[in-house]
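There are 2 protein chains.
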Amino acid sequence: MKLYSYFRSSAAYRVRIALNLKGLAYDYAAVHLLRGGGEQLMPEYRRINPDGIVPALVDDGLVLQQSLAIIEYLEETHPNPPLLPSTPGDRAYVRSIALQIACEIHPLNNLRVLKYLKHSLNVTDEAKDAWYRHWVTNGFDALEPRLAGDPRTGQFVYGDTPTMADLALVPQVFNALRFNVDMAAYPTIQRIYDEALRHDAFVRASPEKQPDAE
Amino acid sequence: MKLYSYFRSSAAYRVRIALNLKGLAYDYAAVHLLRGGGEQLMPEYRRINPDGIVPALVDDGLVLQQSLAIIEYLEETHPNPPLLPSTPGDRAYVRSIALQIACEIHPLNNLRVLKYLKHSLNVTDEAKDAWYRHWVTNGFDALEPRLAGDPRTGQFVYGDTPTMADLALVPQVFNALRFNVDMAAYPTIQRIYDEALRHDAFVRASPEKQPDAE
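Those protein sequence lines, which keep their order, are chains W and R.
Under UniProt numbering, residues 1 to 214 are what the first sequence spells out, in order.
Under UniProt numbering, residues 1 to 214 are what the second sequence spells out, in order.
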């Protein structure tokens, strides 16, 4: 397998964790999201992923896009260890948390959006950072009581082993810390993040351990 | 089943199509996203969905959130007719298109984001509409050649029957048309949209057919 990745991309980070948890080896192809206006927008990469975003995973000639679709694919092709629970209701719960992060928080805060705010709407750096924090805190404000109050919450989001929900949560927290979001109001989220960072599959997937880390 | 919905919500629209395609009857609970600052933000609804967004589906006491998690749940609990292909590679393809719309286009253009642009960043209505069109055209520019060039494209995104990808695509096109996005550059997307609107399950799910339509 070959993963097209950028060390700081949250979406690529999710897939790296999944690959590590499943014990799957892969080649790392770095796509620099800033250099020369963004290598992800170049024709060479667009042939791999027409969306012009990372990650993309190539498995035996198949080119796969969208981090959560890639994770579902890995789950179907390499079911052990499972990244989803066994019952439909609990699977929906885990997926809903992954999707809350992937659809309600992350899309508003990724690089191309922050660039548009700055260059097309001419917002100040201060307003841009406030925008970032607004969507993270808005999302975490909803997520924290949900996790704190759910009996399924364990060392991880669902019980004591990682699921797809943790694969979305950990990169989002990493990103929030980079933007100095105050995590004091989110003790359950912070605790799960701390737990994950004691787990080898998460550590090896972290941005600073990637070949293209700066 | 009971669906918490708003007639114009793209995410609720996706789930309505899924329920219709699966032939599942449901009660419709209208949540008005504008009235009184938004009923979705009131404590009554937050008890159903702490995220304060629609849709939510209640099935036999289970409360489910996030449209794509709900659709996966319906797929697992009511597998016929299937909304995903049978092979992992094709399932990943269909999911990646649904996610491209759900993660790269829709989150940037939903009501709460447009409200933030207007009220917190004080952008003009013109700049807000340009923002809207930017993210739709950015997404459709990537999607159109993908669909036009893929041999799996049929009357629908994948073959001649609807899948999860069409459930995401149709509401997004509906929404784009409302904002006067010029669809001339997207003939394949437009053709699939037109095809879907000849399909009873899609027609009955459309915003103007809902009890809370205005």
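Please note: incorrect hints may appear among the correct ones.
Since copy identity is lost for identical chains, a pair holds within one copy or between any two.
Said to hold, decoys possible - Within a straight-line C-alpha distance of at most 30 Å, the following computed DSS-like cross-link-like pairs (lysine-lysine) qualify:
hint	residue 1	residue 2
1	K128	K22
2	K22	K115
3	K128	K209
4	K2	K118
5	K115	K2
6	K128	K115
7	K118	K128
8	K128	K2
9	K209	K22
10	K118	K22
The set of hints was computed from the structure by calculation and includes no laboratory data.
How the hints compare with the structure:
Proximity of K128 to K22 under the C-alpha cut-off of 30 Å is found in neither arrangement, the shortest distances being 37 Å within a copy and 43 Å between copies. Neither within a single protomer nor between protomers do K22 and K115 lie at most 30 Å apart by alpha-carbon distance, with minima of 35 Å and 42 Å respectively. Taking the shortest alpha-carbon separations for K128 and K209, only the intra-copy value of 28 Å comes in at or below 30 Å, while the best inter-copy value is 39 Å. Taking identical chains as interchangeable, the C-alpha atoms of K2 and K118 are never at most 30 Å apart, the minima being 33 Å within one chain and 42 Å between chains.
With identical chains, the CA atoms of K115 and K2 are at most 30 Å apart within one copy only, with a shortest distance of 28 Å there and 41 Å across copies. Taking the shortest alpha-carbon separations for K128 and K115, both the intra-copy value of 9 Å and the inter-copy value of 16 Å come in at or below 30 Å. Proximity of K118 and K128 under a CA criterion of 30 Å is satisfied in both settings, with 7 Å inside one chain copy and 14 Å between copies. In this homomeric assembly, K128 and K2 never come within 30 Å of each other (Cα to Cα): the closest approach is 34 Å inside a single copy and 39 Å across copies.
With identical chains, the CA atoms of K209 and K22 are at most 30 Å apart within one copy only, with a shortest distance of 18 Å there and 45 Å across copies. Taking identical chains as interchangeable, the C-alpha atoms of K118 and K22 are never at most 30 Å apart, the minima being 39 Å within one chain and 45 Å between chains.
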